[in-house]
Amino acid sequence: MNAKSLGIFGLLVILFVFMVLMTSDPWTDIFSSTFLQSNNIENLLRRVSMYGLLGIGVAFVIITGGIDLSVGSIVCLAGCLLGIFLQVDYRPAALFDVHLATQENNSLVVHENAVGRYDVGDKLRMYRGRQPALLTVKDIEAVQLKDREGKSLGIGTVMTVEGLLRDEDSGQVAKAFDVLDFGQAVGDQPAWVELAGVSFRLSVRDRVSFFHPTLGQKDLVVHSASHSGDVTRIDLSQPLGDRFSKEWMAMPTERRQRMAIPLAIISVLGIAGFLGLLHGLLVTRVHLQPFVVTLCGLLIYRGISRWLVNDNPVGFGIEYKETLSPLGSGKLSLFEWSTADGSQTFGIPYPLFVFLTASGVAVIFLNLTIWGRYMLALGSNEEAARYSGIRTERITILAYVICTVAAATGGILFALDSGSISPSSFGNFYELYAIAAAVLGGCSLRGGEGSIFGVIAGTAVMMLLNNLILLLKIPDRLEFTIIGLVILMGVTLDETVRRIAARRRAMKSAQT
Amino acid sequence: MAEADTPLLEVRKVGKQFPGVRALHDVDLTVQHAEVLAVIGENGAGKSTLMKILAGVQLPDSGQILIEGKSVQLSSVKVSLDCGVALIHQELNLAENLQVGENIYLGREPSRFGFIDRQRLNADAKQVLSQIGLQVEPTTPLSELSIGQRQMVEIAKAMSVGARVLIMDEPTSSLSSAEAERLFVVVQELRQRGVSIIYISHRLGEVRALADRVVVLRDGKNAGMLSSGEISHDNMVRMMVGRDISQFYARKQVPVGDVVLSVESLRTATWPEHELTFSIREGEIVGVSGLVGAGRTEMLQTLFGIEHPVAGKVIVEGQQIELKSPLAAINAGIALVPEDRKLNGLVIDMSVRHNISLAALSRNRLAGGFLNRATEIRDATQMVRDLRIKTPNDAQITRFLSGGNQQKVVLGKWLSMKPKILLLDEPTRGIDVGAKQEIYHLMETLAKEGLAVLFVSSEMEEIMGMSDRAIVMHEGRITGEIQRADLSEESIMQLATGNANAASTVTN
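As you go down the protein sequences, you meet chains A and B in turn.
Numbering of the first sequence is given in the working numbering, commencing with residue 1 and proceeding in unit increments.
Numbering of the second sequence is given in the working numbering, commencing with residue 1 and proceeding in unit increments.
The set of hints was computed from the structure by calculation and includes no laboratory data.
Because the structure is a prediction, the values reported are computed rather than measured.
Computed cross-link-like contacts, SDA-like style, restricted to lysine to any residue with a CA-CA straight-line distance of at most 20 Å:
| id | chain 1 | residue 1 | chain 2 | residue 2 |
| --- | --- | --- | --- | --- |
| 1 | B | Lys342 | A | Ala502 |
| 2 | A | Lys123 | A | Ser245 |
| 3 | B | Lys324 | A | Val286 |
Produce the complete structure using the sequences and hints provided.
So, in structure tokens, the structure goes:
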């Protein structure tokens, strides 16, 4: 750690002590500090981790003498893409698209050949359609579908059914099953049902949709299922309810996740890396200014994000509550103790582990590998680096890739932490937090200078300030003003100290 | 009117300190009325600093400046101009997008009711222009003027503020010989009109022709003064260098080996119409001479892969190499010490060690791309010792080293990689006399160890003193090669100007 990082660490310590004293009442009793409450500290650590990832990423670009303004939009894009890649839907067995249903002559026409999948006597139900009725198949035949002009629409199926309440020309229809037998939950034993003729193997996290002509519908999650002969016995994770009877019909649905979690994460990071590559190419090959390239990125990715999800909020719901979401919102509990207000716990938020790993890799990369040295060298004097045989363009591109991948990693964590994100506001201004943290941490926007430790401390200072505004009940309208003033003071002090040091050094070396 | 024996301008014991270097040390200078005083000295001798102090660009740390016997504080350019001292920079300070007249009165435009009075401006400008014999309309856009004419505009600008002392810093460095002739006439006319001129030049021929007196600076100190009868080439050089030239340059002829670098019909991007063909042998030092802009730097940069060659072959030790990047050149064993070390040679804010290791990092790296710190430290320590780089330790930031030591760091970067061919572009520019000699000595030693050295220099003495053979360039082509025995200022200048007759006017 060099002398320059010391300043920001000093500021961090001062701010920390100040916070403890200001939030304690009386100020001598630090255990009364609201700042030191375990959930506040946990929250602070979580935020430092997530914003810190962005700061470290942008620090690499700043070290090469560039800038990345697209960080906030990359965060948003990563969150939206993750939501899309991990979207889950449930499909029932034997699902067919409705071509036409006519109530008058009890006919139902569907696309594709349903013969063999449906049989005479099968019960069907419109799936997510407006037709609530249960239909019974009386006759079934595969035909060639034609539109009014006689153009072929491919093979289809014509059925005579009982129970149509109205005409349809869209929607889907799927098979419903009679409940052969069932048992309510008793003690540790889960509720169960038995169905006959289910064509796919149900497993944990699939669902069964139960419905009743008058009592409505409920979706229950499968705990486990066993198939013996034609009968499928399904254990459910939730109770069936008192009003359940054999009159209810069941429609088992298979859970379909668009991508496996690791693949989704890799895809998001890959796309972000590709965008970084584009930034780098535009800067090095087309010689555009980094500010302009990434400003355009800021606008473009925000727009793409909103368009991708139709400006609707993206949520991860309960689907990933136990699998992926804790990576953003969970913690590794360490201590538990009881207080007057009940029991309290303190744990390490999982994002901190991601952040510490990323920081470690960044420190090693910047200080111990030749590429890190190249970045520092070319940031300080690109021409001299080029004249030393360094492929400066590749190294610059690498910095932009690191930045966007780090931003996307942060974006994934932010999205998982908040659970639901709104594409028009998620990640707004995050690039400024990141750049401010890097600058506070000793990165020079002229390039060639910067340390990862400094950036971490810079992020922590930013988050402490944010916390200070919250806890000291300063109007949050002033948040940006306070952060702005502190950064200004920080860099002014830094510059002054550096100038004095340089002058002293110059005088000393002139005397020798 | 001042008395004849009171000097117009007097500088007494002026000192100036910069980070890492004492630029001026108790320097005295006296300028009489209506004289041409030449100030000469090697690069880094302190001429430019002294002139900047006189022009009010920089403040001296110590000493006194008197104008007509009165002590003055030249605290800004404006104060200096008010005192009648004007500096014409080496790089002209004119606005290309303005007209000639507007340039002359830039910042002092005559105005009426707050608007620029164009009529008066142009009338005044016309008068000043005619005084110095420049025949252009004040309304001509400056961009249409040649470099020589622009310089005249600068002089006109200085005269329009009533300058009595005109400082000209290397005024002929970018002029054609005809333009230089024209300038000399104007200088003489100005002197006749009572203006004193401080004339700074490296071209000793010009100094001999123009100067009434010569003041020599060396290492920021007065090295002596020559009055009109004593001004001769040898006297000037001896004072500048501080010893006889024969002792200064250490080159002794050594037997040379096989051809290491062979350049065949190389066409550079800057001068694609000319083909360059030459070769260098093991242990040979070849100088490249020529005027500024002759294409020497471009040739070195092409050989180092900075600029892409348009056509031609470059063969190193019998193997043709493709110069697509500096890395390709380095891998072929070529090293370049560039002309501007702060711009291209050094990462000035990095330490000595990191600068020395920079080019070799990739070659020495450990598995996984990790830095090989042990080799890095070993190489840096060895280079600091072998090249006698004066630095407290190898962690010192390069910025705080003197020019000569910075240059040695650049050399160290390459020598740690054991190149076969060393290209040097103006290797002694801006470094002091002692360091210069060390660089020469190094070139000598390296050649003895078998390196092929190709160096570009604008200093005639350097070319003559150090080359086994000199290549002379003019406007992008090689106009000739001269063996050591035949090297002389005349022989070089004739080839450098591409015209034997024009050459004599500048060198005599």
